[in-house]
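Peer 1: Each chain, written out:
There are 2 protein chains.
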Amino acid sequence: MKLYGYFRSSASYRVRIALNLKGLDYEHVGVHLVKHGGEHLSEAFRAINPEALVPALTDAEEGGGLVLSQSLAILEYLDEKYPQYPLLPKDLGLRAQVRAFALSIACEIHPVNNLRILKYLSQTLGVTEEQKNAWYRHWCEVGLFALEKKLSRDNARYAFCFGDEPGYADCLLVPQIYNAQRFQCDLSQVPELMRINQNCLEHPAFIKAHPSKQADADA
Amino acid sequence: MKLYGYFRSSASYRVRIALNLKGLDYEHVGVHLVKHGGEHLSEAFRAINPEALVPALTDAEEGGGLVLSQSLAILEYLDEKYPQYPLLPKDLGLRAQVRAFALSIACEIHPVNNLRILKYLSQTLGVTEEQKNAWYRHWCEVGLFALEKKLSRDNARYAFCFGDEPGYADCLLVPQIYNAQRFQCDLSQVPELMRINQNCLEHPAFIKAHPSKQADADA
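Chains as they are written, first to last, in numbering that gives the first Met the number 0: chain A, 0 to 218; chain B, 0 to 218.
Just so you know, these hints were derived from the structure itself, not from any lab. Be aware that a few hints might be false.
Identical copies carry no separate label here, and so any pair may be met within one copy or between two of them.
Calculated pairs, DSS-like style, for lysine-lysine (alpha carbon to alpha carbon, straight line, at most 27 Å) [to be verified]:
| hint | residue 1 | residue 2 |
| --- | --- | --- |
| 1 | Lys-148 | Lys-34 |
| 2 | Lys-118 | Lys-131 |
| 3 | Lys-1 | Lys-34 |
| 4 | Lys-34 | Lys-207 |
| 5 | Lys-21 | Lys-118 |
| 6 | Lys-1 | Lys-148 |
| 7 | Lys-118 | Lys-148 |
| 8 | Lys-34 | Lys-149 |
| 9 | Lys-21 | Lys-80 |
| 10 | Lys-149 | Lys-80 |
| 11 | Lys-89 | Lys-21 |
Treat the numbers as computed from the prediction; the structure is a model and nothing was measured.
All chains should be built: construct the whole structure from the sequences, respecting the hints.
Peer 2: Now the structure itself:
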């Protein structure tokens, strides 16, 4: 498998964790979102993923033609195709809860704060650096706080989001907390999430997936 | 089943289409996002869904306690629990493509343009009505155009997004086009999407799910 990604892209980070949890080998192809005017915008990369977004995954087992995009679709694919170390639980109600948790990050927090949105705020709407950072922190804190409340209600203080082994939800949580810390969000209101994040950071699959450990990481 | 939704919320609209495609009965409970300072923000509704977002679904078959949230998690749940009229195809590569299409709408287009974001732009960042509408149209047009290119490349001119019967991706597409039209987006660049949208609008499951047909629709 080839994973086209960017060391700091949290969607790429999610997929790296999932691949590592399942013990799947993959080749990492760095696509730098900032250098060269954004390598993801190049014609070469658009030919691979017309949406011009990372991550994208190719799986030689499915033939070269199949290009998977969207991190959550990739996670679902990996869980269906490579059932070792299931990311999702078996119980249907619990699966729905786990997916809802993941989607809360993927649909409510992350998209509002990704690079192209922040650029539009600065370059097109002319907001100040301070306003941009406040925007980031606002959506991140509001979103994480809702998850904290949900998890505190549902989670019986497992070591990880939904059990004593990391899974689907943890693949989303850790990259989001990483982002939140980069932007100095106030995380004092989400102690449960931070406890789980810490457990993840000590797990080999997460250690190997960390942005700082990637070949394309900025020095 | 009880579906807590808002007639014009496109996430609620997605779930209505899916329930109708599967022929599942449900009770619609209107949660008005504008009236009474936003009924979704009330303590009563937060007790049901702490994220304060619609839609939320309860399924009596799973006991009263299970509250499903996040429209895509609900679609996955319905497809797993009620296998009649599968929304997702069986082939793993195709499932991934369908999910990626849906996630492109759910993660790239919709979150950036939902009500709370637009409010923040107006009320906190003080952007003009014109700038707000340009923001909306920008993300909608960029996102739909990427999907048009992807579908034109992959789709063998099926009647619907990924086949000759509507499915998972169509549940996402139609509400997004509905939103795009409300905000006068330029849809001349997405003829394939518009052809498929028109086919959907003539299908009974989509007709019944249309915002204008809901009990809580504004006069």
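Peer 1: Next, verify each hint and record whether it holds.
Peer 2: Evaluated hints:
1. Lys-148 / Lys-34: Between copies only: 25 Å across, 39 Å inside.
2. Lys-118 / Lys-131: Close inside one copy (9 Å) and across copies (16 Å); limit 27 Å.
3. Lys-1 / Lys-34: within (21 Å within a copy, 49 Å between copies)
4. Lys-34 / Lys-207: within (24 Å within a copy, 49 Å between copies)
5. Lys-21 / Lys-118: neither (35 Å within a copy, 42 Å between copies)
6. Lys-1 / Lys-148: This pair counts as between: shortest inter-copy Cα distance 23 Å, intra-copy 37 Å.
7. Lys-118 / Lys-148: between (31 Å within a copy, 24 Å between copies)
8. Lys-34 / Lys-149: between (39 Å within a copy, 25 Å between copies)
9. Lys-21 / Lys-80: The answer is both: 11 Å in one copy and 26 Å across copies each meet 27 Å.
10. Lys-149 / Lys-80: between (30 Å within a copy, 23 Å between copies)
11. Lys-89 / Lys-21: both (17 Å within a copy, 22 Å between copies)
Checked against the numbered hints given earlier, this structure breaks only hint 5.
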